[in-house]
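Now for the letters of each chain:
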Amino acid sequence: MATLHAFANPARFLKIAKPLTPALFWAGVAMIVLGCWAGLTQTPPDYLQGETVRILYIHVPAAWLGMGGWSGIAISSIMFLVWRHPLASVAARAIALPGAVFAALCLMTGSIWGRPTWGTWWQWDGRLTSMLLLFFVYLGYMALAKADADRGGDGRVPALYGIAGSVLLPIIRYSVVWWNTLHQGPSIGLTQSTIDGSILWPLPIMLAGFTFVFAGIVLMRMRTMLAVAKSEARMRRMARA
Amino acid sequence: MNPWPFVTTAYFVTLAGGALIALLSYLAMRRAEK
Numbered sequence: 001m002a003t004l005h006a007f008a009n010p011a012r013f014l015k016i017a018k019p020l021t022p023a024l025f026w027a028g029v030a031m032i033v034l035g036c037w038a039g040l041t042q043t044p045p046d047y048l049q050g051e052t053v054r055i056l057y058i059h060v061p062a063a064w065l066g067m068g069g070w071s072g073i074a075i076s077s078i079m080f081l082v083w084r085h086p087l088a089s090v091a092a093r094a095i096a097l098p099g100a101v102f103a104a105l106c107l108m109t110g111s112i113w114g115r116p117t118w119g120t121w122w123q124w125d126g127r128l129t130s131m132l133l134l135f136f137v138y139l140g141y142m143a144l145a146k147a148d149a150d151r152g153g154d155g156r157v158p159a160l161y162g163i164a165g166s167v168l169l170p171i172i173r174y175s176v177v178w179w180n181t182l183h184q185g186p187s188i189g190l191t192q193s194t195i196d197g198s199i200l201w202p203l204p205i206m207l208a209g210f211t212f213v214f215a216g217i218v219l220m221r222m223r224t225m226l227a228v229a230k231s232e233a234r235m236r237r238m239a240r241a
Numbered sequence: 001m002n003p004w005p006f007v008t009t010a011y012f013v014t015l016a017g018g019a020l021i022a023l024l025s026y027l028a029m030r031r032a033e034k
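Chains as they are written, first to last, in the working numbering: chain A, 1 to 241; chain B, 1 to 34.
The hints are simulated quantities; they were obtained by calculation from the structure and are not laboratory data.
No residue lacks a Cβ here, since even glycine has one placed at the ideal position from N, Cα and C.
Keep in mind that the hints are not guaranteed to be accurate.
[Claimed, not checked] In silico contact screen, one side only, chain B against chain A (beta carbon under 7 Å); selected entries: (1) 9; (2) 12; (3) 27; (4) 32.
[Unchecked claim] Part of the chain A face toward chain B, derived, beta carbon under 8 Å: (5) 83; (6) 183; (7) 187.
[To be verified] Result set (DSS-like, lysine-lysine): computed pairs, CA atoms no more than 27 Å apart in a straight line: (8) A/18 - B/34; (9) A/230 - A/18; (10) A/18 - A/146; (11) A/230 - A/15; (12) A/230 - B/34; (13) B/34 - A/15; (14) A/230 - A/146; (15) A/146 - B/34.
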């Protein structure tokens, strides 16, 4: 916990974030390139879905980041409310846009995957509808955070919203168990998977690659917000002088 | 039904979307840190 408090100092954070941003981003890009090559050329087609199974390698990371992004917002919001770390609030706001983008990409790739396998672009089933709700919750968070910042708020309202929104995460996760849906049931767990290893192996590479790129983007956005805040503080000091 | 148009479109949408948000974030960071 002491380490966490130490990183809450913006100057110390920037010292680490500056070299870490390109390192994470380019490592992620390299892994995505490797994962795309493996997923598109080195794995066999599925016995039922054929070649469309290759959409798995981009759809699952997009879903992982769409949901993981909101987990990041919720954790940062708790840290902000409990310990008043200003960086936690910056992190939550920095995660929102890339999280929303990946939630949208999850919906789009799922829709593209659904057409040849289910025969439809969209179905109002539990998994698809709850993921769409998460996307709208992201939009709500961004609007709320902007409104709060514009009126000089202290960030508590968006933080509470960030925590409340996390109720959707278990609903999305267990939607395929609770309701009989068109979407397949859980096929990838922490210790085992129902997908054959010959098809599954590029997925961890893609998950790690997209996660690194996502982290790089979040760091870029946090650095932007800190630089803007610093510039605004300087302008205010000059106006007072 | 030929599956490849669906596969390539899905990859294109994801990679283009990811690249776009990364580029916009990078440009905003450079502008702010100048």
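Right, here's what the structure says about each hint:
1. 9: Constraint on residue 9 of chain B satisfied, holds at 6 Å.
2. 12: violated (10 Å)
3. 27: violated (9 Å)
4. 32: Nearest chain A Cβ about 4 Å off; hint holds.
5. 83: Not OK, violated: residue 83 of chain A not within 8 Å of chain B, min 26 Å.
6. 183: violated (16 Å)
7. 187: violated (18 Å)
8. A/18 - B/34: Holds: residue 18 of chain A and residue 34 of chain B sit about 14 Å apart, inside 27 Å.
9. A/230 - A/18: Roughly 16 Å between the alpha carbons, so the hint for residue 230 of chain A and residue 18 of chain A holds.
10. A/18 - A/146: holds (26 Å)
11. A/230 - A/15: Distance of about 15 Å is within 27 Å: holds.
12. A/230 - B/34: The hint holds at about 12 Å.
13. B/34 - A/15: holds (16 Å)
14. A/230 - A/146: holds (18 Å)
15. A/146 - B/34: Satisfied, since the Cα-Cα distance of roughly 23 Å is no more than 27 Å.
Against the hints set out earlier in the document, violations occur for numbers 2, 3, 5, 6, 7.
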